[in-house]
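Asker: Below are the chains, spelled out letter by letter.
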Amino acid sequence: MADSKSKRRYEDLNRLSIEQLEELLRTAPFMPDDQETSEYFDAIEEVILQRETEHPTGRIQDVNSAWAEFQEHYLPSASGSSETSPEERSEMLTQSFTKNGPYAKKLFRKILPIAATIAVVFMSMIAAQAAGVDVFGSLARWTEETFRFNGGVKTSAGQATHPQVGDETYLAIQAEVEKLGIDIPVVPTSFPDGYKLQELKSSNPDVKSFESVVCLLENEDGQSLVIDIQKYVEDYAISSIVFEKDGQPVTEYLSNNKMFYIMSDKNNKTAAWSDGHIVVSISGPLSEETIKTIIDSIGG
Amino acid sequence: MKRNIALAFCMILMLSLFCGSAKAATYSSDYLKSYNASLTTGNYTGELSLDFSAIARSSMKTVGISSIAVYTADGSYVKTISGSTSNGLLASQTISHEGTYTINVTPGQAYYLRLTFAARTANSGDSKPYTTNTATAAS
Numbered sequence: 001m002a003d004s005k006s007k008r009r010y011e012d013l014n015r016l017s018i019e020q021l022e023e024l025l026r027t028a029p030f031m032p033d034d035q036e037t038s039e040y041f042d043a044i045e046e047v048i049l050q051r052e053t054e055h056p057t058g059r060i061q062d063v064n065s066a067w068a069e070f071q072e073h074y075l076p077s078a079s080g081s082s083e084t085s086p087e088e089r090s091e092m093l094t095q096s097f098t099k100n101g102p103y104a105k106k107l108f109r110k111i112l113p114i115a116a117t118i119a120v121v122f123m124s125m126i127a128a129q130a131a132g133v134d135v136f137g138s139l140a141r142w143t144e145e146t147f148r149f150n151g152g153v154k155t156s157a158g159q160a161t162h163p164q165v166g167d168e169t170y171l172a173i174q175a176e177v178e179k180l181g182i183d184i185p186v187v188p189t190s191f192p193d194g195y196k197l198q199e200l201k202s203s204n205p206d207v208k209s210f211e212s213v214v215c216l217l218e219n220e221d222g223q224s225l226v227i228d229i230q231k232y233v234e235d236y237a238i239s240s241i242v243f244e245k246d247g248q249p250v251t252e253y254l255s256n257n258k259m260f261y262i263m264s265d266k267n268n269k270t271a272a273w274s275d276g277h278i279v280v281s282i283s284g285p286l287s288e289e290t291i292k293t294i295i296d297s298i299g300g
Numbered sequence: 001m002k003r004n005i006a007l008a009f010c011m012i013l014m015l016s017l018f019c020g021s022a023k024a025a026t027y028s029s030d031y032l033k034s035y036n037a038s039l040t041t042g043n044y045t046g047e048l049s050l051d052f053s054a055i056a057r058s059s060m061k062t063v064g065i066s067s068i069a070v071y072t073a074d075g076s077y078v079k080t081i082s083g084s085t086s087n088g089l090l091a092s093q094t095i096s097h098e099g100t101y102t103i104n105v106t107p108g109q110a111y112y113l114r115l116t117f118a119a120r121t122a123n124s125g126d127s128k129p130y131t132t133n134t135a136t137a138a139s
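Protein sequences, first through last, are from chains A and B. Just so we're aligned, residue 1 is where the first sequence starts under the numbering used here, counting upward by one. Just so we're aligned, residue 1 is where the second sequence starts under the numbering used here, counting upward by one.
Please keep in mind that the hints were generated in silico from the structure rather than gathered at the bench. C-beta: ideal position from N, C-alpha, C; glycine also. Mixed in with the good hints, there may be bad ones.
As the list claims (entries may be wrong) - Derived coverage of chain B by chain A (criterion: at least 3 residues anywhere in the stretch with Cβ under 8 Å from a Cβ of chain A; other residues may be distant): (1) 31-39; (2) 56-68; (3) 98-109; (4) 127-133.
What the hints assert, rightly or not - Straight line, CA to CA, 30 Å or less: simulated DSSO-like cross-link-like pairs of lysine-lysine: (5) K128/B / K266/A; (6) K128/B / K79/B; (7) K128/B / K61/B; (8) K196/A / K61/B; (9) K201/A / K231/A; (10) K201/A / K128/B; (11) K196/A / K179/A; (12) K201/A / K106/A; (13) K231/A / K128/B; (14) K61/B / K266/A; (15) K208/A / K79/B; (16) K208/A / K128/B; (17) K179/A / K79/B; (18) K292/A / K79/B; (19) K61/B / K208/A; (20) K61/B / K201/A; (21) K61/B / K231/A.
Claimed, not checked - Quick partial rundown of chain A residues pointing at chain B, CB under 10 Å, derived from the structure: (22) A43; (23) I44; (24) I238; (25) D246; (26) N267; (27) S281; (28) S283.
Required output: the full structure, derived from the provided sequences and hints.
Answerer: Structure, rendered in C-alpha cells:
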C-alpha cells in the first residue's frame, strides 16, 4: 500500500533523463531521519537502475571503475593530490562529504547495520573467550573453577637450544628435565628473589602414561613457588589435566613462541603452557608481572 | 522507527554479553594446584590400571587420592576404595604424588571411576571430585 502510494508520488521521475536524475541526487536537500527524503532518493535510484537495466550505457561499471568515477566526480580535490598535505586533504574530504551530504549520510546509514553486526559478532567471540572457550586459539578451555588444555593441538615450542646459565636452581631442574628426553627450553632461568629449592621430585617409574619433574621453591616467609614439567605419551588425553582456578579472567601471554595461560586462584597465580605433549606450569603467590618475568626467562 | 528498534535491539544484545562476567564467584583451591588421571585396561584378567597425578600448592601432610568409587559404564555403583599411604594412593610430607593403582573388577566389562583428589595440611585441606574416562577390564 505504502509502496504503490510512493510510486505514484514519484512517477514524474520517469519523464526525466538519467543526467537530470543524477543532478537531482546531487542537489536534493537531505533531511536526516526523514522518511520522505529517503523514499525520494530511493525512487530516483530505482529509476536510474531500471533505465540502466533496460538500456545499458556502461554508466554503472564494476566496483573499481565506479569508485574511480566516484572519486573523479565527487572528490575531485582529494584524488591525485600528492602535492596536498594530509591536513589539507582531510579538510577537502570533509568539505566534499559536507557538499555531498546526502550520499555520505546514506552510505553511513547503509554501513551502520553491517558495522553493528560485525561488532556484535566480535563481542560475542570476546565474550565466549572470557567464558572459557579459547575462540582465537582453540588450545584451551576453562570455567570459573577449572582450566584444561584441549588435546592434540600442537604449537611451536621454540628451538632445541639451552641457555648457558649458572643458576644452581636452574641447573638442578634442567638436569632432571633432560632425563625426560625433553630437548626444548621449558625450565625458567630466573626465579623471584628469596626463593630457594626445597624439593625436586622426579618421575615415578611405575607410571607409564607420563613422566614428570616437580619442584618446590620456598622463601623465608614460607611462601611456595611450584614449577612442574610433565611429558605425556603420544595418545594421552591431555584434556584430562585439571588446573584449579577462581572466577577471574584467564590471561594469554605469548613468550618465546609459547602461549602461556595465566590464571588466578585466590592468592596464587598459575601460568600453564602445553604443546599437547609436554605441559609446563608455574604457580605461586606471585604478581602477574613477576610470573611473566619467570616465563620470559625460559630459554635464557 | 524500524532503525530505532534495530539499534535498541543491538544495544540490548551487546549489553547482555557482559552480564555473565558480573558473576564473579570464587571457587579454586588453596591446597591443590592441578591433578589428572587416566584409566586403562590392566595387564592381567579383570584388571583396570589407573595412572594419576596430584600437585599441591605447597608441601602437604598428605596429597593424592583419598577415595575411588568404581562404576560400570552404565552408571551402576560397584565399590569404593579408600586412599592411604599404604596402598599408594596418598603420599605424605610432599608437594605432589603420582602413581599407578590396579583395580580388580569383572573381566571384559567397562568401568569408570569417580575419584576424590585431596591435599591436607595438619590443620586443614581441600578435596576435589574427578571422573575418569571409561576403560574395559582385561579379559
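Asker: Identify every previously stated hint that the structure contradicts and give their numbers, smallest first.
Answerer: 12, 17, 18, 22 and 23
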